[in-house]
Amino acid sequence: GNSVTQMEGPVTLSEEAFLTINCTYTATGYPSLFWYVQYPGEGLQLLLKATKADDKGSNKGFEATYRKETTSFHLEKGSVQVSDSAVYFCALHENSGGSNYKLTFGKGTLLTVNP
Amino acid sequence: ETGVTQTPRHLVMGMTNKKSLKCEQHLGHNAMYWYKQSAKKPLELMFVYSLEERVENNSVPSRFSPECPNSSHLFLHLHTLQPEDSALYLCASSHRQGGYGYTFGSGTRLTVV
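Chains as they are written, first to last, in our numbering: chain Y, 3 to 117; chain R, 91 to 203.
Extracted from the complex, chain Y is given alone in its bound form (with noise of 0.2 Å):
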């Protein structure tokens, strides 16, 4: 089956670090790939995703390539800011045709920025 797997939190940093968060997946097919942000209190929100491979993902700074040959989609901002601070998920969907809503989620990583 279909499995996201990210680096374990918490990461803390300070602010105008670089960030990463790791993120490879096992799917058999060609999934699109996502990344979801939840702030304190909040919902998730849809940040980027990527459709297929080689294809750049970006929203607020944030960046993900998705690798088809490592199977990964690594998280990344050049500058965090404190107000980046919140849980980030990253989730696959298989696009194998028919009704396939499923999407599969990674447990999370926290990101605190401390000013």
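Hint data in this document are derived by calculation from the structure and do not stem from the laboratory. One thing to keep in mind: the hints can contain errors.
In silico DSS-like cross-links for lysine-lysine, where the CA-CA straight-line distance does not exceed 30 Å [stated by the list, open to error]:
hint	chain 1	residue 1	chain 2	residue 2
1	Y	58	Y	109
2	R	131	Y	109
3	R	112	Y	109
4	Y	104	R	109
5	R	131	Y	104
6	Y	62	R	109
7	Y	54	Y	104
8	R	126	Y	104
9	Y	62	R	130
10	R	109	Y	109
11	Y	62	R	108
12	R	126	Y	109
13	Y	58	Y	70
14	Y	54	R	109
If you're wondering where the values come from, they're calculated on a predicted model, not measured in any experiment.
Go by the hints and put chain R onto chain Y.
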């Protein structure tokens, strides 16, 4: 506002109470989901509705009873809950072809006392 509205945002209930959580979306989505998020545990998919038909029920205790009267509304009816049911309950919606991702509501923070 994400397009998926959950009410109430916070709920405290006793173990003998009956209450309902409500979720509403007007995004034209035709699949809806209930998730449970507990501290230090992964997201747990509880129920999936596709075109108002329940298509997945992941071994959820019968004290949780979902209802999907139409494609825009989803309820979670609660009765005789246990303290361990205290959690954030998240509703989400999507197109049946889920490759576009989900839209989540802000959740209901449930405390069972």
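Hint check:
Using a Cα cut-off of 30 Å, the hinted pair residue 58/Y and residue 109/Y holds, with the two alpha carbons roughly 22 Å apart. Between the alpha carbons of residue 131/R and residue 109/Y the distance comes to roughly 7 Å, so the proposed pair stays at or under 30 Å and holds. Taken as a hint, the residue 112/R and residue 109/Y pair is honoured in the structure, with Cα atoms around 26 Å apart against an allowance of 30 Å. About 28 Å separates the Cα atoms of residue 104/Y and residue 109/R, which keeps this hinted pair within 30 Å; it holds.
Note on residue 131/R and residue 104/Y: the hinted pairing holds, with a Cα-Cα distance of about 19 Å set against a maximum of 30 Å. Taking the CA atoms of residue 62/Y and residue 109/R, the gap is near 39 Å; set against the 30 Å cutoff, the hint is violated. For the given pair, residue 54/Y sits about 18 Å from residue 104/Y by alpha-carbon distance, which is consistent with the 30 Å threshold. Taking the CA atoms of residue 126/R and residue 104/Y, the gap is near 15 Å; set against the 30 Å cutoff, the hint holds.
About 27 Å separates the Cα atoms of residue 62/Y and residue 130/R, which keeps this hinted pair within 30 Å; it holds. For the given pair, residue 109/R sits about 29 Å from residue 109/Y by alpha-carbon distance, which is consistent with the 30 Å threshold. Distance restraint check for residue 62/Y and residue 108/R: the Cα-Cα separation of roughly 42 Å exceeds the 30 Å cut-off, and the hinted pair is therefore not satisfied. A C-alpha spacing of about 13 Å is found between residue 126/R and residue 109/Y, which places the hinted pair at or below 30 Å, so the restraint holds.
Between residue 58/Y and residue 70/Y the CA atoms are separated by roughly 12 Å; this keeps the pair inside 30 Å, and the hint holds. A hinted pair counts as satisfied when its Cα atoms are at most 30 Å apart, and residue 54/Y with residue 109/R does not qualify at roughly 43 Å.
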